[in-house]
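Participant: Residue-level listing of the chains:
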Amino acid sequence: MKTFAKYWSIFQITLVNSLAYPGELIGRSVMIIPFMWIFYQLWKVTFNAAGAEIIGGLSLRDTLWYLMLAETIELGRPPLARTMSENVKDGSIAYILNKPYDFLLYQFSACMGETIFRAIVNAIFGSITVWFLVGAPNQPEGFLIVLPAILGAWTLHFCINAMIGLSAFAVEDVSAFTWIYQKLVFIFGGFLIPLDFYPQWLQIISKALPFASSIYGPARLFVTPSVDLFINVMSLQIGWIIVLSLLLVVIYRRGLTQLTVNGG
Amino acid sequence: MKELKFLLALWKTNLQSAMEYRISFLSQMIGMILNNFMYFAIWIIFFDRFKDVRGWGVNDMYVTFGVLASAFGLVSLLFGNAFMLSDIIAKGRLDYYLSLPRPVLLHTVASRMIASGMGDFTYGFISYGLSGYFTWDGLARYVLATLLAATVFGAFLILTQSLAFWFGMMSNFSNLVLNAMLTFGIYPITLFDSYAKLILFTIIPAALMGAIPAEFIRTFTWQTLGQLLFGAFAFLALAILVFRLGLRRYESGSAIQIEI
Numbered sequence: 001m002k003t004f005a006k007y008w009s010i011f012q013i014t015l016v017n018s019l020a021y022p023g024e025l026i027g028r029s030v031m032i033i034p035f036m037w038i039f040y041q042l043w044k045v046t047f048n049a050a051g052a053e054i055i056g057g058l059s060l061r062d063t064l065w066y067l068m069l070a071e072t073i074e075l076g077r078p079p080l081a082r083t084m085s086e087n088v089k090d091g092s093i094a095y096i097l098n099k100p101y102d103f104l105l106y107q108f109s110a111c112m113g114e115t116i117f118r119a120i121v122n123a124i125f126g127s128i129t130v131w132f133l134v135g136a137p138n139q140p141e142g143f144l145i146v147l148p149a150i151l152g153a154w155t156l157h158f159c160i161n162a163m164i165g166l167s168a169f170a171v172e173d174v175s176a177f178t179w180i181y182q183k184l185v186f187i188f189g190g191f192l193i194p195l196d197f198y199p200q201w202l203q204i205i206s207k208a209l210p211f212a213s214s215i216y217g218p219a220r221l222f223v224t225p226s227v228d229l230f231i232n233v234m235s236l237q238i239g240w241i242i243v244l245s246l247l248l249v250v251i252y253r254r255g256l257t258q259l260t261v262n263g264g
Numbered sequence: 001m002k003e004l005k006f007l008l009a010l011w012k013t014n015l016q017s018a019m020e021y022r023i024s025f026l027s028q029m030i031g032m033i034l035n036n037f038m039y040f041a042i043w044i045i046f047f048d049r050f051k052d053v054r055g056w057g058v059n060d061m062y063v064t065f066g067v068l069a070s071a072f073g074l075v076s077l078l079f080g081n082a083f084m085l086s087d088i089i090a091k092g093r094l095d096y097y098l099s100l101p102r103p104v105l106l107h108t109v110a111s112r113m114i115a116s117g118m119g120d121f122t123y124g125f126i127s128y129g130l131s132g133y134f135t136w137d138g139l140a141r142y143v144l145a146t147l148l149a150a151t152v153f154g155a156f157l158i159l160t161q162s163l164a165f166w167f168g169m170m171s172n173f174s175n176l177v178l179n180a181m182l183t184f185g186i187y188p189i190t191l192f193d194s195y196a197k198l199i200l201f202t203i204i205p206a207a208l209m210g211a212i213p214a215e216f217i218r219t220f221t222w223q224t225l226g227q228l229l230f231g232a233f234a235f236l237a238l239a240i241l242v243f244r245l246g247l248r249r250y251e252s253g254s255a256i257q258i259e260i
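Residue numbers (the working numbering), protein chains in the order written: chain A, 1 to 264; chain B, 1 to 260.
Derived by calculation from the structure, the hints in this document are not laboratory data. Keep in mind the model is a prediction, meaning the values are calculated, not measured. Possibly wrong hints are sitting among the right ones.
30 Å max Cα-Cα, derived BS3-like pairs, lysine-lysine [unchecked claim]:
| no. | chain 1 | residue 1 | chain 2 | residue 2 |
| --- | --- | --- | --- | --- |
| 1 | A | 89 | B | 12 |
| 2 | B | 51 | A | 44 |
| 3 | B | 91 | A | 89 |
Reference excerpt, derived from the structure (chain B facing chain A, CB under 10 Å, subset only) [unchecked claim]:
| no. | residue |
| --- | --- |
| 4 | 48 |
| 5 | 176 |
| 6 | 192 |
| 7 | 194 |
| 8 | 202 |
| 9 | 204 |
Ideal placement from N, C-alpha and C gives every residue a C-beta, glycine not left out.
Please take these sequences and the hints and turn them into a complete structure.
Facilitator: Rendered as structure tokens:
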């Protein structure tokens, strides 16, 4: 219980810290407005050109709300891998490693604390914009059902990003890995185009990968909530979280043996 | 002429400095090319399913994305500090450039090279090659369009980041307008109504970095060339004017710094 309290405190501190500069928080989140507007233009034209009310089980309204949630999940994430890489490069990682807490759990608590308000502000701006453009979501209860899936998505994202960040123990500069990971999320996660619009063979591959569990699963659950879909999304997420967190612990332990601190 | 020699010397020094870490330079370049290809895969999937957007097909996207990437890459390579100008101003780091007998703005923005820019710049040419629009005179237009689009983009960065003279730290705003410029530049211009187009030619001149250069590359018209030339020179003049006006308000950081 005492151990949990320690990480809860770290979470609370970063949560409060993230509110220290409200102007910056809002400034960062405003970007979702032009994104949603441009998505609206693109998909309005596309639905019109296709002459269809529904494509891949989604209406124009569903598509816009889907994209709003996808953007909220993605834009709410702090740049964990880059931060870890900078900690390695400037030597400050030495100060984190010698503290009486687990390095990975510390990073997880801090990352979650930083994420919450970013995501909330993004969701507020995104929802207002989409509501104004296409109206309310068809099934507003999706807002509640999707919460555990969003938490799962961030946990998955943490596992993958921490692995990328840990690669800085060996290669120091991780920017190329973060770009590629981001693009994998774009393509296989359904970040810019819902996976339901993909060719069948690509849908099957994409839906089986962890990237879909971190974007597509929660976003689709949000617009078409159902008990079956909830069970499906959560079981896939939990499976991937178990696999990736085990892998993360192994990589962390091996990485420690390769770490060279240059400064500090 | 004297300034051109100075610029060439700066770029040579930047390149030598980047080449000191060859593996890092190459990995960033190849990583960025790969990154762009992966991003473009989204558009291939989109156009495979929906064919075209108001007459705008995947081949047009290859050219638009290509010229935008090359222009972005060129500014990153040659004027890398343009992305960080607001930080430099707000933290008082202009002191170093002010103390030297060279044009302050030119010296500041050209003092940094972003290695990944080489990947963007190269990718653009590959993308144009794959577009199906490739011709030799088209390639000459591609080079000219890239130079003019890069001028618009660089000037836009200087213009927006120079607002730091008045408002202090504004990295969020800078990122916001940078993202807006790139996002709007990459989408088919046919999506937008006339009001939106007006914004894309003026407040956020994304059309002058993506759609108009792409149109000029596909088919030469005096109109598109005129738009590009006018846009490039107007934005550059405005950017220099705003920077100079802002410089009068600049207050030294009084910090001891070493520029490497």
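Participant: Taking the hints in turn, state whether each one holds.
Facilitator: Hints, verified against the model:
Between residue 89 of chain A and residue 12 of chain B, the direct Cα distance comes to roughly 26 Å. Compliance with the 30 Å bound is thereby established for this hinted pair. Using a Cα cut-off of 30 Å, the hinted pair residue 51 of chain B and residue 44 of chain A holds, with the two alpha carbons roughly 15 Å apart. The suggested pairing of residue 91 of chain B with residue 89 of chain A holds, with an alpha-carbon distance near 22 Å, which does not exceed 30 Å. Annotation: interface hint on residue 48 of chain B holds; nearest CB of chain A at approximately 7 Å, less than 10 Å.
Interface restraint check: residue 176 of chain B against chain A, minimum CB-CB distance 5 Å, threshold 10 Å, status holds. With its C-beta approaching chain A no nearer than about 6 Å, residue 192 of chain B sits inside the 10 Å limit, and its interface hint holds. For residue 194 of chain B, the interface hint is violated, since its Cβ never comes within 10 Å of a Cβ in chain A; the closest pair sits about 13 Å apart. For residue 202 of chain B, the suggested interface contact is broken, since its CB lies about 15 Å from the closest CB of chain A, more than 10 Å.
The interface hint given for residue 204 of chain B holds, since its Cβ lies 9 Å from the closest Cβ of chain A, which is under the 10 Å cut-off.
When held up to the earlier numbered hints, the structure conflicts with 7, 8 and fits the remainder.
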